[in-house]
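J.: Sequence:
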Amino acid sequence: LLGIGGGIIHVPAMCNLLSYPVHIATATSHMVISITTFSALITHIIRESFADGFAIALLLSLGAIAGAQVGAKYSKKVPGQVIIRFLALGLLAVAIRLIVSVVST
1 LLGIGGGIIH VPAMCNLLSY PVHIATATSH MVISITTFSA LITHIIRESF
51 ADGFAIALLL SLGAIAGAQV GAKYSKKVPG QVIIRFLALG LLAVAIRLIV
101 SVVST
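Just so we're aligned: 42 in my numbering is position 42 of the sequence shown, and the numbers increase by one with no gaps anywhere.
Source of the hints: derived by calculation from the structure; they are not laboratory data.
Ideal placement from N, C-alpha and C gives every residue a C-beta, glycine not left out.
Pairwise CB distance ranges (calculated):
1) Met31 to Ser104: 30 to 38 Å
2) Pro21 to Leu91: 17 to 25 Å
3) Pro21 to Ser49: 36 to 44 Å
4) Leu41 to Ile84: 24 to 32 Å
5) Gly90 to Ser49: 25 to 33 Å
6) Ile46 to Leu89: 33 to 41 Å
7) Leu89 to Asn16: 16 to 24 Å
8) Ser19 to Ile96: 24 to 32 Å
9) Ala93 to Val70: 15 to 23 Å
10) Ala66 to His23: 17 to 25 Å
11) Ala66 to His44: 21 to 29 Å
12) Leu91 to Ser39: 19 to 27 Å
13) Ser19 to Ile45: 37 to 45 Å
Kindly generate the complete structure, drawing on both the sequences and the hints.
T.: Next comes the structure, spelled out in structure tokens:
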């Protein structure tokens, strides 16, 4: 939808519609996004349209793996409401970016 994997839809839907705790919804959303991203990676490799971005993707993957470990360790110490507030701030940032890009073109 916005190039960020759909987490802005997954997490609120799982929390509000399915009554998942925020921590579980966030982890589940990341798993869904990982599977989707992996299938897109395979498609790009098969089509040979991935050569230019391979090094960047590798570095981003390493950062994501390290970040996941840190996030898993500290997420238990962060209340769900704090996670929701950060998600809301992220959504606000995306909305502002979209508005600015539309207005500037």
